[in-house]
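Asks: Sequence:
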Amino acid sequence: MPIALWALTLSAFAIGTTEFVIVGLIPTIATHLGVSVPSAGLLVSLYALGVAIGAPVLTALTGRVQRKLLLLGLMALFTIGNLMAWMAPGYEALMVARVLTGLAHGVFFSIGSTIATGLVPKDKAASAIALMFTGLTVALVTGVPLGTLIGQTWGWQSTFLAVSLLGIIAFVGSWILVPDNIPTNKPASLLTQLSVLKKPRLLLVYAMTALGYGGSFIAFTYLAPILQEVSGFSATSVSLVMLVYGVSVTVGNIWGGKLADQKGPIRALQIVFLLLALVLFALTFTAHNPWFALGTVLMWGAVAFGNVPGLQVYVVKRAELDAPHAVDVASGLNIAAFNIGIAGGAWVGGFIVSTLGLMATPWIGAIVVLGALALTTIAGYLDRQEGITLHATSTRVTGTH
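Here my numbering is used: the first residue of the sequence shown is 319, the next is one more, and so on.
Heads up, a few of these hints could be off.
For lysine-lysine, the following PhoX-like pairs were computed, each having C-alpha atoms within a straight-line distance of at most 25 Å [said to hold, decoys possible]: (1) 516 with 442; (2) 576 with 440; (3) 516 with 386; (4) 442 with 386.
Restraint-style ranges between C-beta atoms, simulated for each label pair [what the hints assert, rightly or not]: (5) 705 with 410: 32 to 40 Å; (6) 387 with 674: 43 to 51 Å; (7) 554 with 354: 19 to 27 Å; (8) 324 with 585: 35 to 43 Å; (9) 608 with 643: 50 to 58 Å; (10) 320 with 700: 38 to 46 Å; (11) 354 with 320: 30 to 38 Å; (12) 585 with 350: 42 to 50 Å; (13) 608 with 432: 39 to 47 Å; (14) 547 with 702: 45 to 53 Å; (15) 515 with 609: 41 to 49 Å; (16) 471 with 432: 32 to 40 Å.
Think of the hints as simulated: they come from the structure by calculation, not from any bench.
Note that the Cβ used here is the ideal one computed from N, Cα and C, for glycine as well.
My request is simple: use the sequences and hints to build the entire structure.
Replies: Take a look at the structure:
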């Protein structure tokens, strides 16, 4: 693999860290800025909304910009956003910084795959994309707990300064290592993207994604306050719990991919959503004991992102049937749905915390995840009615009804 890929991987690591590290810092930010915990949780929503808007809209608007130039511009925007967060004098300035950083995130992952595949022969394209996305996984395992520890030790602003330094290194690495002649694909217009949103079966997949992640993030956004105020963990111990969670997520991603390969995306998603709902229900009762809470968080990580492979495979297979002219667009919009789910989940979670209290978030989140399970079951039923069997590697039409 060319060394330029490692510049993309580092960029993905920095972006993944700044997206999720905020979860471990919410109590610290709320105390320092003099805002409520739900208000601090809104910073998760604003970032995710920036990603959801940036991915489809800005990708379409910048489709003709030379790839390396766009990449450098995105990493500059990412770095500026984190520097703004570091120097933010108050809550409103921090909100603006999070939105700007989210916009860079959305476009980066939209063009990142194109850049990665342009660096290698066609037979190594999948491996190149996988290497780039490894940066996200490593961010969950190391960047988020380390960033949380830095913020708990030296103040939450120091975390954003550290991420800014990563952004500068990634910018310089991309400037030096990424070649100028990366091919530019014909951009997908906003009209093309809107045409995908007219397909009911694809909208169903996006709803599955949004509810699945929204339910999880209703509780996950407020995991740090739950660990500190209910389970009795110290502020510095939260970073260790986030490390446990990140390791478990890595294992869960691998397991979720194998499950989707073996049982097909629909059956795999049913299993993962059911397990996720059960874990969230369990947290309602286990959070009051630190050891039980730790075990529940470990199980939560194993299923929290285990639905990613199934959802991405399913949306691609459905797009091949419903919108064959815009498969990439359909896949990208699923990433937007993922972030809409995060934004909505964090916002709903904040409302729940302010009205019903912290410990209402796990069981209400579980109910929302059960909604995703219901939609998944409906999607499987509709597939069977159409005589279609969708697997990770093939699509078989057995008849029409």
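Asks: All hints are to be evaluated individually against the structure, with a verdict given for each.
Replies: Structure-based check of each hint:
no.	hint	result
1	516 with 442	34 Å, violated
2	576 with 440	24 Å, holds
3	516 with 386	33 Å, violated
4	442 with 386	20 Å, holds
5	705 with 410: 32 to 40 Å	55 Å, violated
6	387 with 674: 43 to 51 Å	49 Å, holds
7	554 with 354: 19 to 27 Å	23 Å, holds
8	324 with 585: 35 to 43 Å	37 Å, holds
9	608 with 643: 50 to 58 Å	53 Å, holds
10	320 with 700: 38 to 46 Å	43 Å, holds
11	354 with 320: 30 to 38 Å	48 Å, violated
12	585 with 350: 42 to 50 Å	46 Å, holds
13	608 with 432: 39 to 47 Å	46 Å, holds
14	547 with 702: 45 to 53 Å	46 Å, holds
15	515 with 609: 41 to 49 Å	46 Å, holds
16	471 with 432: 32 to 40 Å	39 Å, holds
The structure shown violates the earlier hints numbered 1, 3, 5, 11.
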